[in-house]
Amino acid sequence: MHNSSTTDTLEDKVSSTAANETLEDYTLRYAPHSFRRWSPRVVAITALGGIAYLADFSIGASIGMAYGTTNAVLAILFAAIVIFLTGIPVSYYAARYNIDLDLITRGAGFGYFGSVLTSIIFASFTFIFFALEGSIMAQGLLLGLGIPLWAGYLISTIMVIPLVIYGMKALSKLQVWTTPVWLILMVAPVAYLIHQEPNLVGQFSSFSGNEGFKPFDMAAIMLGAGVCLSLIMQIGEQIDYLRFMPAKTKENNKSWWIAVISAGPGWVILGAIKQIIGAFLGFYLLTKIPGVNTTEPVQQFNAAFHDMLPGWIALSLAVILVVISQIKINVTNAYSGSLAWTSAYTRISKHYPGRIVFVIVNLAIALALMEGNMFAMLGKILGFYSNFAIAWVVVVATDIAINKYVLKLSPKEPEYRREMLYDINPVGMVSFIAAAGLSIAAFFGLFGSFAAAYSPLIALTVAFVLTPVMGIITKGKYYIKKDNDGIKEPRYDAEGTPVATVYHCVSCDQDYERPDVMYSHQHSGVICSLCKTLEK
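Converting from the sequence shown to the working numbering requires adding 4 to each position, the first position being numbered 1.
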C-alpha cells in the first residue's frame, strides 16, 4: 500500500491524536467542503471573537500619552485605513478558496519555500501578542487576587491549552458564547464615564502628550502609526477562521460578503475604536490617579468601573473582563501560532509532528517573553516588528489585487502544492526583503532621524510599488512550475468554487477533495498535498 521512497502514512508518522484532522484543523492543506459546516454568521462571530484582546487599550494609551490626543487619533486612523485596505484581497482569497495565509503566500509571490520565512514572521506575531495579553491577565490577577506576576504568567499560559487542542470546533463555541459578555463589560464603564464627566472628553481632545510634539505633527503621527501597524498581522489570525467559510452561492451571497468584510478587514474598525478608548482611559487615569501605570488595561477599567459601582464589585468586573479577553484572544494566538510553526517546520524537515507539538512550543516562547517583562518595552517591540509585518502583508495583498487580477501575471486561482511551485519566487521575496530591509534600516536611524519616523511608510510604499514592478520584470514566469497536475478534472469550477470531488491518496490511504490532490508518476496514482510535502 505504501511506497518506501516516501514517508510512511500519517498514522505511522504521528500519534493517533495528531493524525486526526478534526484536531489538526487542516493545518497544511485546503479546508474541505465536507468539514465547513458553519454558517457565514458563525464563522464571522468566531473570527471577531479573537479581537477581544486588551493590547489595543495599551497601544492607544502608550501613543496617546507620548504624542498627544490629536496625533494619536490620526495615527490610529491612518493605520486602520492601511490595515482595512490590505485586508480586503487576502480575506476574500482565504474565504473564497478556503486556505490560510501561508498557503496564499506560497502562490502570491513567494514560492513554496519562500513562504517559510513569512510563516516564521507570523508565528512571531502570535507569541509576541500572546505574551502581551498574558502579561495583561497577570496584572489583573495581581490586582484582583494578589497572585504574583510570575504565577499569573504561568496560569494565563496553561489555561488556554485544553481549548486550543480542539481547534475550530471548540473555538467557535467559546467565541460565540463569550462575545456578548465581553462587549457589555467593555462598553458599559466607558459609556458611563463619558455620561458622568462630559468635560473629560474636551480635556482629552486638547491633551498634548509627554514628548513635546505639536498637534498634527507628521513625525508623531507616523511614529504612532508604526506601533498600530504591527497589528496588520492580525489579518492572518482572522484568515485562520475565514478559511472555514461555506462556498459562496447566489443564496448566501449577501451574508457571505458581510461576514468576510466584517470579520476580515472589518476587525480593525473595532480595533481602532478600542485604541482610541485606550488613549482616553489612559488620560483619565493620568488625571485621576497620578503614578498609576496608564497603559495597563486592568488599571484603566478598574478605575472606570469604580466610578460606576462599589469597590469590590468594580474590581471583580475589571478582573473578569481581563480574564475573558485574555482567553478569547490567546486561544486564537496559540491556535494560529501552532498552524504557522507546523507549516514552516514540516516543509523544512519533511516531517509532520502534529499541530499540538507547536501549541506547546509557541506557549513556551510566549511564557519566556512574559517572564522577561516584555510588556515594559511594548512600543519599541511593536514598532520594530511592524516593519516586517507591513512588508509581508502589503506584498501579498498587492500581488493578489494587482498582479493576479489587474496585470494577470499569475493564475487567479491559488496554487500551494509542492510540485506545482518554484521553491522561490523573486516577485514576493525581492519585494519583501527590500521593503523590510529599507524600513528597518530607517527605523534604526541609518537614514537619519527624519526617516526614522517614517519607517512604516517606507515599508508600505516599497512593497506596494516593487511587487508589480517585479512581476513585470519576471513576466510572471516564477509563479507556476507546470500547468498540469495530471488529473483531468479541474480544481475549481467555472465560477471559481473549489470542486468537492473526493480522491483517494495512494500514499496515506485517506480521501481528499480535488483542490488538495495531484497525480504522481512516482506513486502511479493520486497523492495528497501533505504526502507530497513530506516526501524526501
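Because the hints were derived from the structure by calculation, they are not lab data. Careful: at least some of the hints might be erroneous.
With a straight-line cut-off of 25 Å between C-alpha atoms, the simulated DMTMM-like cross-links for lysine to aspartate or glutamate are [unchecked claim]:
(1) Lys354 to Asp221
(2) Lys485 to Glu417
(3) Lys252 to Glu539
(4) Lys492 to Glu539
Distance ranges between label pairs, derived from CB positions [stated by the list, open to error]:
(5) Tyr409 to Val503: 42 to 50 Å
(6) Ile324 to Glu493: 48 to 56 Å
(7) Trp181 to Ile124: 40 to 48 Å
(8) Ser320 to Trp181: 42 to 50 Å
(9) Ser453 to Ile352: 50 to 58 Å
C-beta atoms are modelled at their ideal positions from N, C-alpha and C, and glycine is treated no differently.
These are the hints, each one checked on the structure:
Between Lys354 and Asp221 the CA atoms are separated by roughly 51 Å; this puts the pair beyond 25 Å, and the hint is violated. Under the criterion of a C-alpha separation no larger than 25 Å, the hint pairing Lys485 with Glu417 is consistent with the structure, at around 15 Å. Between Lys252 and Glu539 the CA atoms are separated by roughly 34 Å; this puts the pair beyond 25 Å, and the hint is violated. With a C-alpha separation of about 24 Å, the suggested pair Lys492 and Glu539 falls inside the 25 Å cut-off, and the hint holds.
The hinted range of 42 to 50 Å is not satisfied by Tyr409 and Val503, whose Cβ atoms lie roughly 21 Å apart. A beta carbon spacing of about 53 Å between Ile324 and Glu493 agrees with the range 48 to 56 Å that was offered as a hint. Distance hint for Trp181 and Ile124: a CB-CB separation of about 33 Å, inconsistent with the stated range 40 to 48 Å. Taken as a hint, the range 42 to 50 Å is violated for the pair Ser320 and Trp181, whose Cβ atoms sit roughly 20 Å apart.
Against the hinted window of 50 to 58 Å, the Cβ-Cβ separation of Ser453 and Ile352 comes to about 39 Å, which falls outside the hint.
The structure is inconsistent with the numbered hints 1, 3, 5, 7, 8 and 9, although it conforms to all the rest.
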